[in-house]
Every structure is written in C-alpha cells, then in structure tokens.
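Let chain V serve as the given structure and place chain U on it in line with the hints.
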Amino acid sequence: MIRHLLSGADLDADTATEILDTAAEMAAVAGREVKKLPALRGRTVVNLFYEDSTRTRISFEAAAKRLSADVINFSAKGSSVTKGESLKDTALTLQAMGADAVVVRHPASGAPHRLADWVDGSVVNAGDGTHEHPTQALLDAYTMRSRLGRLAGLSVAVVGDVLHSRVARSNVLLLSTLGAKVTLVGPPTLIPLDIAAALAPGTDVCYDLDAVLPSSDVVMMLRVQRERMNDSYFPSAREYARRYGLDGPRMRRLPEHAIVMHPGPMNRGMEITPEVADSPRSTIVEQVANGVSVRMAVLYLLLGGNNR
Amino acid sequence: MAYPSAARSSPPRQPSVKVILTSADVQRVVDRIAHQILEKTQGAADTVLLGIPTRGAPLARRLAARISAFEGISVPVGVLDITLYRDDLRRHATRAVGPTQLPAGGIDGMRVILVDDVLFSGRTVRAALDALGDLGRPASVQLAVLVDRGHRQLPIRADYVGKNIPTALAESVKVTLAETDGADEVRLYGEVPR
Numbered sequence: 000m001i002r003h004l005l006s007g008a009d010l011d012a013d014t015a016t017e018i019l020d021t022a023a024e025m026a027a028v029a030g031r032e033v034k035k036l037p038a039l040r041g042r043t044v045v046n047l048f049y050e051d052s053t054r055t056r057i058s059f060e061a062a063a064k065r066l067s068a069d070v071i072n073f074s075a076k077g078s079s080v081t082k083g084e085s086l087k088d089t090a091l092t093l094q095a096m097g098a099d100a101v102v103v104r105h106p107a108s109g110a111p112h113r114l115a116d117w118v119d120g121s122v123v124n125a126g127d128g129t130h131e132h133p134t135q136a137l138l139d140a141y142t143m144r145s146r147l148g149r150l151a152g153l154s155v156a157v158v159g160d161v162l163h164s165r166v167a168r169s170n171v172l173l174l175s176t177l178g179a180k181v182t183l184v185g186p187p188t189l190i191p192l193d194i195a196a197a198l199a200p201g202t203d204v205c206y207d208l209d210a211v212l213p214s215s216d217v218v219m220m221l222r223v224q225r226e227r228m229n230d231s232y233f234p235s236a237r238e239y240a241r242r243y244g245l246d247g248p249r250m251r252r253l254p255e256h257a258i259v260m261h262p263g264p265m266n267r268g269m270e271i272t273p274e275v276a277d278s279p280r281s282t283i284v285e286q287v288a289n290g291v292s293v294r295m296a297v298l299y300l301l302l303g304g305n306n307r
Numbered sequence: 000m001a002y003p004s005a006a007r008s009s010p011p012r013q014p015s016v017k018v019i020l021t022s023a024d025v026q027r028v029v030d031r032i033a034h035q036i037l038e039k040t041q042g043a044a045d046t047v048l049l050g051i052p053t054r055g056a057p058l059a060r061r062l063a064a065r066i067s068a069f070e071g072i073s074v075p076v077g078v079l080d081i082t083l084y085r086d087d088l089r090r091h092a093t094r095a096v097g098p099t100q101l102p103a104g105g106i107d108g109m110r111v112i113l114v115d116d117v118l119f120s121g122r123t124v125r126a127a128l129d130a131l132g133d134l135g136r137p138a139s140v141q142l143a144v145l146v147d148r149g150h151r152q153l154p155i156r157a158d159y160v161g162k163n164i165p166t167a168l169a170e171s172v173k174v175t176l177a178e179t180d181g182a183d184e185v186r187l188y189g190e191v192p193r
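So the sequences go chain by chain: V and U. The first sequence begins at 0 in numbering that gives the first Met the number 0 and counts up one residue at a time. The second sequence begins at 0 in numbering that gives the first Met the number 0 and counts up one residue at a time.
What the hints contain is simulated information worked out from the structure, not anything from laboratory work. Don't take each hint at face value.
Here are a few chain U residues that face chain V, going by a calculated C-beta distance under 7 Å [unchecked claim]:
(1) D86
(2) T93
(3) L131
Chain V stretches covered by chain U per the calculated footprint, using a threshold of three residues with CB under 8 Å from any CB of chain U [as the list claims (entries may be wrong)]:
(4) 68-75
(5) 144-151
(6) 197-208
Estimated spans, in silico, between C-beta atoms of each pair [unchecked claim]:
(7) V:P279 <-> U:P98: 42 to 48 Å
(8) V:R31 <-> U:G149: 33 to 39 Å
(9) U:A138 <-> V:D11: 16 to 22 Å
(10) U:P98 <-> V:S278: 28 to 34 Å
(11) V:G77 <-> U:G135: 39 to 45 Å
(12) U:R186 <-> V:P279: 52 to 58 Å
(13) U:R186 <-> V:L147: 29 to 35 Å
(14) V:G178 <-> U:P98: 39 to 45 Å
(15) U:A182 <-> V:A288: 40 to 46 Å
(16) V:G148 <-> U:S139: 38 to 44 Å
(17) U:S73 <-> V:G30: 22 to 28 Å
Note that CB positions come from ideal geometry on N, CA and C, so glycine has one too.
This is chain V alone, in the form it adopts within the complex (with noise of 0.2 Å):
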C-alpha cells in the first residue's frame, strides 16, 4: 500500500481501484443509524489549509471524523503563518503534536511532495497549486463508475481552462490509469501544447466543444477562474460561454447515458448554464455526496494499517 497519495500518478490500476471499492462500502455507513467505524480510533489527522475551501476541508473532516480518527483544523488565516512561520516549521509544530496523517491544500505546486520529507505520517494532497488534486479524480472516477458501472473504454471530456486546473491534471492521470480515453477541450490559450502526451499517452486535444459532444460519454467541465479573467487568455465571457459553456442545446447533443459532471464552485451562466447545472444528467451534488466515502476509503487505506 501507498504511503502518501500526492498524485493521480501515485495510484497503479489495482489500488486505485482498492480505494473505489473500500469507498462503495463506506458509502454505506452513510445510510446507516450510526454513522461512524471505529477503525482509526487514536489517530489525529490535521487539515492543513493554506488555501480558501469549504467543500475539500469540510469532505476531509467529515471522513476523518466517520472512521473515529481526531481531527485538528489548522487554517493559515489566524495562525503563526501570518507571522511569517515557513511550511517547514508548521510541518515540524505538527510532527510534533504527532498527526498521523497532514491534508495539505497550498498554492504553490509541488508543497506536499515537500511536506512529505519532512513529516513521519501520511500526506494526503488536497490540491496544491495547478498542479494536483488526487482525491477529486478519485471521486470523479467513482461517480463516472457508480452512474455508468464501469470506467474502461469510456470517453471522458475535459472542457476548460485545463492550463491553470489541478483537477484536470489529476483527472488525465487517474482515468488513463483506468482505461477511460481522455479528450482536453478548450480555448487553445488554455490547453497548453505538448500537455496531453506530457501527461499521459492516449490523451487527445480537441479545440471544439461540439466535435466532441456526440461521442462523450462524460463531459467534465472546469470552472473558469474569475482571477484569470483579465490575463487575455480568452477575448470575453461571453465567447468563452458562446463556444465553451455547456447548455441545454449543446446537452442534447450528448449521447442518452452521457453525464455531466463539475467539481465545483460552479460560475452558472458561464461555463454550464442552470438548465444543465440542474437536469438529472448532472452529478454535481453526487460527487459531494462521493467526496466523503472516497476520502474515508483514503484515510483508512493510508492509516488504517501498520504500513510503516
């Protein structure tokens, strides 16, 4: 078993598929009296959040809190970062307090990998940067499989601003992995050049959402970072959403089965438009639900063991 899980690359074909199977039974407990195991009793995990977040922090410590574990939130706003306390010496204070597992969210890329070296317990990547977000690919894939029963041979769309999102990088990674055929579609500004095959090999670019529309058997769409709205990567929100925005019409385009997924926050009217944000094709408000029991399935996966 894994002792980290910092990237979608870090999980081979069986034990991601260990993680959706361990989360299909925890999703069960979730329909249950009592809705919590007592399989991490005595393990402390912190919530390292350097970034603003509600659903990954709150998805985290909901599935901490299910498997019994203790768990300590830990914001950069309020704290010694502030003061100017540099990762290194955060990681070692929690060390110290002996966290068993660290769920790390920072902007800069690549601050897990780091925090990895210097802490005994298990990282856990909430997102770092526009690099990767590994438990949101899992849980993707989870409901990709649990509305379509399967992931091989799928044909996946990821629509948007693919450049700057942590969770299309994790996505390609994971679903190659699995078998599902990736296409990237976007404004060409926001694909950038050599991504797919830099990626993963089988991954595909296409420039237009409606080429691709038919033949989805998921659409992915990727929310469009209003921050980046004034870097020129694209002329207007209003061409972006005419030839990147998910509507009614271009909906019905897709294939019967197809489903429409978005990790949200969601800028409705923008890149999915209410009509679709709210048909029963979408998973959006499946996914949160997915979040928990994938993240349980992580956290017992990592800790539940003696895997040291």
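Okay, now just chain U, sitting in the frame of chain V:
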C-alpha cells in the same frame, strides 16, 4: 488459516494433516444446525442469519436453504463484514474491506444469528457484536459455528456448534467450502516440528 511456514528449515518439513470432517460430514452438520435453529427458535420466526466473511457467508446461505427445505420457512440472509471493527487493524498491513449486506427488513427487533466457520479466540465475534450495535438493535443475538476449536480469549460461547475439536494452540483448523474453495472439508494441521 496460516500455519508456521517452513521457510527457515531446510528441507521443509510438512506439518501433519488430519481430516476432521469430510464433505458428507459437513452436509450432515449443516443439516443438524438447521434443525437445531428451528427447534431453539420455535420455527425461526423473526430470525435473520448473518454470515461473517469469508466462509460464514456461504454457510449462512446453506443454513437458510436447509431451513427452507425442511419447513418451507424463508429466513432472511445477510453478510456482515467486520474488518473495520477488528481490534488488530494496526498490527497488520491495511486489510481490504468487504461488503456488508443486510436483509431488506433490517435487523431491528429481530433475532440475529451470526454464522462463522471457526470459533477460536472469540475476537471476530466481539467485532461482529460491535458492528451489529452500529447497524441497529436486534432483539437478541446468537452464534452458530461449524467448528469450535477452543482457546477463547473473551467471554463468548456459541449457541450452535457443528463440531467441537480439541486442539493445541499451535495447531490450526482449516475449513474449505465448495462455494469459496471448490470442496467441503475441515482439516486439522499439526504443529510444524522444529
């Protein structure tokens, strides 16, 4: 069940093997337990059979099939995975979690009969009782095992026992079933001579 491997000594010396129950014996024992359940529960009303993986699950299904054959009563069957409730999780590499499937009617107010292949230390049953407590509130809990080999470490006893096998601690009992291993048999492996 693992027994001390002969990796250290060369040439490897095999432990002695003794067949305790043959395929026909296993069937007779399952039949008897099914009859005993019917007798002791006055016709298996409000009763649920929960098998503990791996081999408790097919045993529970067999008991339900025999009860149905004898008296035409359909007893709900489920599977109770106890992995996340074990007290030795930290002593081993992470264990894979198996499925838990409760019958549609649930277990609240029911007489739950836990079914397992071998009763040894009693720790598995302890974990199963904890798991049951999180799943609902049965009216009562009973235990049926194919083999009781003794050496309890907890105050736990079985209500239905297929066969009592006196064993030494270093010996091991291995149950195989057609559903999981291809054939029904119970074997006793002796100590590996040193």
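Hint-by-hint comparison with the structure:
Given the 7 Å rule on beta carbons, the hint for D86 of chain U is violated: about 9 Å separates it from the nearest Cβ of chain V. Checking T93 of chain U against chain V: minimum C-beta separation of about 3 Å stays under 7 Å; hint holds. Hint on L131 of chain U is violated. Least Cβ distance to chain V is approximately 11 Å, over the 7 Å limit. With a cut-off of 8 Å between beta carbons, the stretch 68-75 of chain V has 0 residues touching chain U; three or more are needed, and the interface restraint is violated.
Only when three residues or more bring their CB closer than 8 Å to a CB of chain U does the claim for the stretch 144-151 of chain V stand; here the count is 0, and the claim is violated. Under a criterion of three residues with beta carbons nearer than 8 Å to beta carbons of chain U, the stated coverage of the stretch 197-208 of chain V fails, only 0 such residues being counted. Hint check: P279 of chain V to P98 of chain U, Cβ distance near 28 Å, so the stated range 42 to 48 Å is violated. Under the hint 33 to 39 Å, the C-beta atoms of R31 of chain V and G149 of chain U, about 34 Å apart, fit the expected range.
In this structure, A138 of chain U and D11 of chain V break the distance hint of 16 to 22 Å, their C-beta atoms being roughly 47 Å apart. A C-beta distance of roughly 32 Å is found between P98 of chain U and S278 of chain V, which places it inside the suggested range of 28 to 34 Å. G77 of chain V and G135 of chain U have their C-beta atoms about 43 Å apart, which keeps the hinted 39 to 45 Å range intact. Between R186 of chain U and P279 of chain V the beta carbon distance is about 55 Å. The supplied range of 52 to 58 Å therefore holds.
Under the hint 29 to 35 Å, the C-beta atoms of R186 of chain U and L147 of chain V, about 45 Å apart, miss the expected range. At about 23 Å, the CB distance of G178 of chain V to P98 of chain U disagrees with the hint of 39 to 45 Å. Range check, A182 of chain U to A288 of chain V: Cβ separation about 43 Å, and the 40 to 46 Å hint holds. Roughly 40 Å separates the CB atoms of G148 of chain V and S139 of chain U, a value that falls within the hinted 38 to 44 Å.
At roughly 25 Å, the beta carbons of S73 of chain U and G30 of chain V sit within the given window of 22 to 28 Å.
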